[in-house]
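Once you have looked at the hints, place chain B on chain A.
Read top to bottom, the protein sequences are chains A and B.
By the working numbering, the letter at position 13 of the first sequence is numbered 13, and the numbering carries on one by one without gaps.
Count along the second sequence starting at 1, add 82, and that's the number in the working numbering.
Derived from the structure by calculation, the hints contain no laboratory data.
Check each hint, because a few of them may be wrong.
Result set (SDA-like, lysine to any residue): computed pairs, CA atoms no more than 20 Å apart in a straight line [stated by the list, open to error]: (1) A:64 / B:361; (2) A:64 / B:458; (3) A:64 / B:494; (4) A:64 / B:492; (5) A:64 / B:547; (6) A:64 / B:548; (7) A:64 / B:544; (8) A:64 / B:462.
Remember, it's a predicted structure, so these values are computed and weren't measured experimentally.
This is what each chain is made of:
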Amino acid sequence: MRLTDAQTGAQLTLQGLPVDPVAEGQVRSLGLLPGGAVHLLRRAPFHGPLLLEVDGRIIALGWKIASGLEVALIAASGSEAD
Amino acid sequence: MRIALVGQPNSGKSTLFNQVAGYKAHTGNFPGTTVTYTESKVRLQGEVVDVVDLPGTYTLAGTNPAERVTLRYLASTDVDVIINVLDATHLSQGLDMTLELLELQRPLVLAVNLLDEADRYGLRIDGPRLQSELGVPVLPLVASKGRGVRSLFNAAFRAGRNPHPITRPRYGRDVEDALAGLAEALRGTPTPLHPEATALKLLEGDNELAAETARITPALGLMVEQAQRDLAERRGQPARWVVWGERHGLAGNFEHLVVTQGERRTSWRDRLDDVLLHPVAGYLALLLILLAFFQLVYATGNAVEPPLLALFGTWTARLHAALAGQSFVDAIAIGLLQGVAGGAAIVMPYLIPFLLGLGFLEDVGYLPRLAFLMDALMHRIGLHGKSVVPFILGYGCSVPAVMSTRILENRRDRFLAAALSTLIPCSARLVVVFGLVAAYVGPWAAAAIYVLNLFMIALTGRVLSGMMHEESPGLILEIPPYRLPSTRTVLAKAWYRVREFLVEAWPALIAGSVILALLTLFGLTPWLDLAARPLTWALGLPAATGVPLAFGILRKELSLVMLGQALGTLNFDLVLTQAQMIIFAVFVVFYIPCLATLVVLRRELGWRAMGAVAALATVVALVVALAVRGVLVVAGL
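Next up, chain A with everything else stripped away, as it sits in the complex:
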């Protein structure tokens, strides 16, 4: 499924990186790599960005990039933030 389809609080695994090379480089530099674990903490309203926890770091990802990222569900509920 796409990252934007995941429930807030879900624990996920990243399946790939963005197709756009600039976005790919940036996402990777923040520690998002294929196979890596991602915790979806919260989302901003009106198709705003998603807030993720990756290796203890908090990262905001815009809707467009997030909707291009494939993820697999590990656990549906985490420490829900909102």
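Frame of chain A, contents of chain B only:
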């Protein structure tokens, strides 16, 4: 000797630099605050050494300007030793870049910073173990409190003086095989980096480096492609993912070896985002925070400005009386005093509280949260949340605002953010809005100008982004933890920016004021006013406002100070109607950015972009000011 500071954004690298160099590097709790490098000379063990603060970068991949600046600097300049500042609370990501630095095989010292924060998170870091694993000195550091700074620089000095061979990290066998082949082909070729580091970067797909090496060894391009294909086939994913994954995995292994997680103490910081990033409460809080911020600026300025103006008024009268009959000396003296009064009584009362407030918001870590909240809205004007940073900085000064557009990835976003951020009323224009409109018409009129300004920026953004349609990756941003700003840093940062005003703007302001006084004395101002008359006539302003508007291009503060001088009084109520005050302020808010901003625009984006921004600002200023005039006439003001 030259020591380079390298680290990820928000690792405290610039704070460390400021500890040894005095406040020279711009710091802030926002990723990518340092977009260019700053140098300083520091005395170390009886020797003068150069210390360089390089931009904060997550990697050395060269995918954005900051990464390119860092990699090129490390590659091309004679750096004797690198200090890699690591954030102890996110060690594995920091180590990711440490591994890249080790690949360069240059003398390296690690500084594990933010140990106080790590302690709060219950993290214990085994420095000696990390040192033996990596083979380079590892020093503890709390840069914000100055702890460990001296030992760190002494260790760096020793490492630079007696360099030991650096062992680069070893990756999977297939990666090493591919590397060995490429490094062999590169041997004898002059490469900007160590041959093995160059080979790794080529395998990762560094286009700039590929073009550079291909110029020297044309056959290399095909070899790199072959090596990438082989690796991708063996691992089932692109070669660059393989290299990144290997590095990330190794960094994670080191972290597991040296970090132990103890009991975590929860604090206010952990719960704050529940409110400040909440889909409803977050926006209310944002509104309250910005309102409180501007109220603070207004209240302070409003309390300090009138007594200071009165004081300077008395001095002016006395000076006039003392110099009666000596018109030339009188003109110069009064010009000087008016220039000093403008800076001290009109600019400073608003500028200082504004800079203190902005410094606090920056250092506490609120600006990235603002980017998160504003992303969806910014998309409507063709930008994304990260562009909110130039916008916020723009309320201080357009110069850092334009410079901060470097944190944006593509040129179109940079141009758009730079053009729109110059339309934001900087603190100099704030002085005009507050000193003229808020003081004489009322704070609500000043607030209305700010709302109108936001509306116009949104409208201009929509029009421009429609004309420059291009896909942009959107918001990708680390949200740093909240940090309690140190009073010293906030004060130092405010002083750094006030000093810019004192050194660059105030003398120009005083000189401009004297020139204006002389122009008046020799009866030349009417000619300048006449030249500007079509404009001032269209705006319904007195002819005498032509000169202040022209001088305002040098520095925006000049507009108000010179307005006082051109009209013969700082009590504007006597010479301007409320409608004229509003129209004057609206025009000044939007029209051509000041000279310093134009210079930075040219440097950052080129002549054409600078010309385009200046033209855009003038057109917007004219349209808005005429529209406001129309509305005021209809309203009977």
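Cross-check of the supplied hints:
1. Annotation: proposed proximity of residue 64 (chain A) to residue 361 (chain B) holds, straight-line Cα distance about 19 Å (limit 20 Å).
2. Distance restraint check for residue 64 (chain A) and residue 458 (chain B): the Cα-Cα separation of roughly 11 Å lies within the 20 Å cut-off, and the hinted pair is therefore satisfied.
3. Proposed proximity of residue 64 (chain A) and residue 494 (chain B) is supported: the alpha carbons are some 18 Å apart, at most 20 Å.
4. Straight-line distance between C-alpha atoms of residue 64 (chain A) and residue 492 (chain B) comes to about 16 Å, which keeps the hinted pair within the 20 Å bound.
5. For the hint pairing residue 64 (chain A) with residue 547 (chain B), the CA-to-CA distance comes to about 17 Å; that is within 20 Å, so the pair holds.
6. Among the hinted pairs, residue 64 (chain A) with residue 548 (chain B) is consistent with the structure: their alpha-carbon atoms are about 18 Å apart, no more than 20 Å.
7. Only pairs whose Cα atoms come within 20 Å are accepted, and residue 64 (chain A) paired with residue 544 (chain B) is accepted, the gap being roughly 19 Å.
8. Between the alpha carbons of residue 64 (chain A) and residue 462 (chain B) the distance comes to roughly 13 Å, so the proposed pair stays at or under 20 Å and holds.
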